Amino acid sequence: MSSLTREKAEEICQHIRTNPDSIFGQKYWQCRHACVVQSQQKSDKWETRFLAIAKFRVFLLYGKSISTIKLEKSFNVLALRNLELLQQEQILQIGWEDRPGGTKSFSSTPIVVLHLFLRKPDGSKTKDLALELLSTLKHYFPEIQKSLTKLFISLSPPLIADFALLPLSTPELPCHNFRRSYVAYCDWMEQPFRDEIIWDIERIYFFHGQHELDLNDFSHLSLKDQQALIGSIQFSSFFTGIFADSLRLQNEHIDSLFLLIRRSHSLRSLYFNRCTLPIKDFLTQFSIALSTNINLPLERLRLVGIVLEDKKGLTQLGTLLPQLSSLRALSFAECLLSEKCALALLNGLHHGIRLANDSAKGEDATVTGNTLINSDNGRFQLEALNLSGNPLGSGVELAEQLANFLALNTGAIRFLDLNGTAIQLDRLWAALKLGGLGLEVLRLGGCHIAQTKRSVRNSGKDSAQIANELFSSFLSLKELDLTGTHLTAELLSGILEGISTNPNLPSSSLAFCLDNCIVGSTTQCVNVFEQYLLECPCICSLSLRDNSLEHETYRLLPIICKMRGLRKFDIGGANFFGLKANKKHAQMLSAIVTEFVRLVNGEDEESNLDELSLSDSRLGSHLSILLNALGLSRSLRKLNLSNCDLGPGGARLLSKSLQLNQSLRQLSLDRNQIGIDGFYELARALRLNNTLLALDLPTSDLSDSMALLARIPIERARLMAIIAEIEEALKRNVDFSVTNGPTNAQLAMKAMHSLNIGCDRYNINGSETSEIKKVAFHKIGKLIAQFGEQKSDDINIFNDSFKNNGDKRRTKIVDKFIEELGQFVEDNNKNFLQSFSDRLAAQECVEICSLNNQQPDIINNISENHAKEDQLKEKLTQFFNRYTSECAWEHLFSKLDNALRSDDQNCFKILEQKLGGTIKTATISNRKGILLRSPADSKSLNYRPISSIMSNNNQQNGVIPSIMSQSVVGNFAFFENEKEGKETSSPTKLVHLAKNRPKPARLHRKKKLEETEEEEAVNALDEVLAKEEVDPLEQTPIINSSPEPFPSALGQSLERSPLLLQQRLKNVEENQEKEEQQPPPPIPSKRGTSCENSIPPKLPPKPSPPMGDVENRRNKLLDEEQEDI
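Every letter in the sequence shown is one number past the one before it in full-length UniProt numbering, and letter 691, counting from 1, is 691.
Simulated from the structure, these hints should not be mistaken for laboratory data.
One or more of the hints may lead you astray.
Here are the simulated SDA-like cross-link-like pairs (lysine to any residue), alpha carbons at most 25 angstroms apart as the crow flies [stated by the list, open to error]:
1) Lys812 with Arg882
2) Lys868 with Arg671
3) Lys562 with Asn527
4) Lys311 with Glu299
Computed spacing ranges between beta-carbons, pair by pair [stated by the list, open to error]:
5) Lys895 with Thr743: 31 to 37 angstroms
6) Ser74 with Trp46: 19 to 25 angstroms
7) Gly806 with Asn756: 28 to 34 angstroms
8) Gln666 with Lys782: 56 to 62 angstroms
9) Ser237 with Val734: 37 to 43 angstroms
10) Asn295 with Gln666: 43 to 49 angstroms
11) Arg17 with Ser237: 17 to 23 angstroms
12) Arg564 with Ser237: 44 to 50 angstroms
13) Glu530 with Arg732: 56 to 62 angstroms
14) Trp46 with Pro171: 39 to 45 angstroms
15) Arg732 with Lys782: 25 to 31 angstroms
16) Val307 with Asn216: 53 to 59 angstroms
17) Phe836 with Lys125: 43 to 49 angstroms
None of the values given here were measured: they were computed from a predicted structure.
Idealized CB from N, CA, C, for every residue including glycine.
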């Protein structure tokens, strides 16, 4: 080839530049560079060759003419491993990685580097040739500069310095030129690229700004395609994380992952959730790969649900992680870590932190004169640690190692999750005081308190004192989860006392979870709640599920009602099963549900509860009072009644309330066996309800109903139509809330809702309220309903004079606004266009040349575009009407509310000529048929009349209404009877002959003894109240807030009947004598004759027992009486 002339060589090079596809193939249709060089593989022979760079591949050719040119070698530009300038840059040494063909694993195959020496025929410098190779590499991998030292084995320093000056790839493609990098990497792997991958990345990932590669999106592709995808992002800063969920990873995935860790300069998160690993020493290999790239900016490492039993790997990883100064979150949740594995990890972290701190002090410490300056920048500061779901055990050494790690972490920890680890809390409290005061989330569910050799009481007091000191020192605690952690009353008191005395926690900022954690006496724990909950305004969410509170709930709920900062309350689960199992506790359940009503409706406007959950409580028919009162809820936004045994009857009651409710936004009703009738009632409710936005689809109830109706096609089609109607109603509400504001009808309904809620404040149902005020209240409601029925949103439709004048003023305001808006839009458009063009020229080096040459009439202006102007006028008019209507309704309600609250008799005047009669201004008593509740009885129970819930006897005696009574709205059994075709009739007054038999003397004596004890309890309470000089009506009957305890007799009576004291206090207030016992009603004659004077016959007394048993019977009665006492 020495006879090859310069002209002939230039001709061959030109042929290569113009016809690369015919020489190298259609894939390499673009030639970036072609020149003549002299190559040498052996030390004693130089040969003439042609070096060509086509697309992303380097070719070495030989030949004497165009027709005889042939390919000798070729390699991908990414395979370059050596670029060195020798002999004053006259010789260039090139080395590239060569792998055997068909190899699948890149990490396990030994690297073979081939070398070649190049020089130019004229003896000039070869630096430009090396820069051409680096320019091609930068074109396809524009962000590879930070990884050059990891990719190349040897690279001359002048080339590294000039790499930054090389031109960027143009034009720039989405996702930092992902297309070019991916295609080039596929060529290096010698496999075709997939257009599907390019489309997903450039469309979905780029459009949503998703920087975390989700392997689940490409799990349907072959392993080689997934391997090429992972490898192509190792030099890209657009992708900053890898995510995989429930995938079976293969060796190809692991090889690509380790290669990514070795070379990447932008990997910030690594998350594998419940994936299957092909190797057991994954953590060891991971640590080795990580040690080669210690400057990796890894921030989050999360391995969840993966079995990790590599103790050696855990120790290595723990020692290595503190060297990553950017690491902030570490998670090994549900990895089945044993106590020894956890100790290995914590020991490694402990050792690594010490090494990192020592090295940081040596690097950061600078001496200026006699001054030593230490810098904390770049040190390891872990903010989140998650070890939940691992059976770590309750070993002392483990707790101490965790305490040491938290103390060495310099207080940077913000998130600590130890749920289900059974770790000892008493050894953790002290460590948190040293390094965990900055915690924002603390989850300690399933942990326990260790029992020391000292007495249990002393141990509990010590732990409570430490917990008190800890929780009073937290700086920004936002979540505290103690689910399943058994807390004694002393420890609970210490935690709540610490929270109540913490000045650093702002109001309504703490979510407190105490599910299934109360052990021992629930009475003592409720006493702790009574003492401290009101002093904890920082609590915004409280969960007390599965604590078996039972009758103690009645004492707890009034405290919950008074918590102003509480927004979410969950008291579902196993809290009422004991009360529900025995019918004798029906009154107590009714009282508890009544307290729920006060909580939902807001007592004295103190409750701001947004979310209430009673799921899995299975209260069933006992919830009818709450369902009836839900229609007048003030602030409740979310309600969860899943698995409450509502049935179709409960769905019907809920439907009635939803037709009135204006506050509820989300409702959950699954597992309530509501059936097709229940779904129909919900659909009917949503026809009138325009505020409910979300109804969690009752999948269990729907599947049960579909299974029952499998053989009834008509009913099944009806059910599907009902479900479609519910979905359409919810979609209507969502669209209306987003696009449109409230209509005139909704504003009127809101005003009516507010007036109904304020009935107690206005004392409309009071016996001392004037008849004029009552008439005015009902007439106001009637007129509001009329205003709400009008179709137009213009509230002045009934006032023609103001309406005509108002239309002119509105048109004038809208026209003037559009004129001013048009001028502003025109100026804003010019300014925005100019700003965009300046930024485009400065940042992207692109200038819009025709920007200043456009004609003014081409630019669309809102004042000149009549279509947009008309559309804008229409929208502004709608907004104008809606805004003015809303303001007018608010002003109207404000004035009416002030007038109705006032005690002035002259606030309302009745026009007698209009009504056609006179109305007395004196107060009137209520009719006997309906008992109107007064504020003295209840402040916020604005549901249906009490006569429809409890009987007349209960009304007279003042007993809290029982939900088990026979009533149309209060008993779910009515709906079951109606479903079965039964008729519900009022209770008969007949007395059965067998029931009229005289009761045994033993029962009379026992009843007399109970009455005596009750009288003694009331007298004892009277003495206590007399000493304190407090009105008895102001005292809460069940909750004793005074420091002095009740007498023992009173406590015994309260244990038997918790509602007795309330009943007695009401009877003492009213000073009513006991009604005389009436004779039993007459028995009607079979012939239909009158029997007014007839007396029911009495059965003969039972025969007396034998004489021998009298003494035994007497002793037995005395023992029973003694036990009762």
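Cross-check of the supplied hints:
1. Lys812 with Arg882: holds (17 angstroms)
2. Lys868 with Arg671: violated (52 angstroms)
3. Lys562 with Asn527: Given that 25 angstroms is the threshold and the Cα spacing comes to 16 angstroms, the pair holds.
4. Lys311 with Glu299: Measuring from Cα to Cα gives roughly 23 angstroms; hence the hint holds.
5. Lys895 with Thr743: 31 to 37 angstroms: Given a distance of about 22 angstroms, which is not inside 31 to 37 angstroms, the answer is violated.
6. Ser74 with Trp46: 19 to 25 angstroms: Taking Cβ atoms as reference, Ser74 and Trp46 lie about 21 angstroms apart, which means the hint holds.
7. Gly806 with Asn756: 28 to 34 angstroms: Cβ of Gly806 to Cβ of Asn756: about 31 angstroms, so the range 28 to 34 angstroms holds.
8. Gln666 with Lys782: 56 to 62 angstroms: Hint violated: Cβ distance 33 angstroms, outside 56 to 62 angstroms.
9. Ser237 with Val734: 37 to 43 angstroms: Cβ of Ser237 to Cβ of Val734: about 39 angstroms, so the range 37 to 43 angstroms holds.
10. Asn295 with Gln666: 43 to 49 angstroms: The hinted range 43 to 49 angstroms holds for Asn295 and Gln666, with Cβ atoms some 47 angstroms apart.
11. Arg17 with Ser237: 17 to 23 angstroms: violated (33 angstroms)
12. Arg564 with Ser237: 44 to 50 angstroms: holds (49 angstroms)
13. Glu530 with Arg732: 56 to 62 angstroms: violated (46 angstroms)
14. Trp46 with Pro171: 39 to 45 angstroms: holds (40 angstroms)
15. Arg732 with Lys782: 25 to 31 angstroms: Holds: the Cβ-Cβ distance is about 28 angstroms, inside 25 to 31 angstroms.
16. Val307 with Asn216: 53 to 59 angstroms: violated (20 angstroms)
17. Phe836 with Lys125: 43 to 49 angstroms: The hint (43 to 49 angstroms, Cβ to Cβ) holds, given that Phe836 and Lys125 are roughly 45 angstroms apart.
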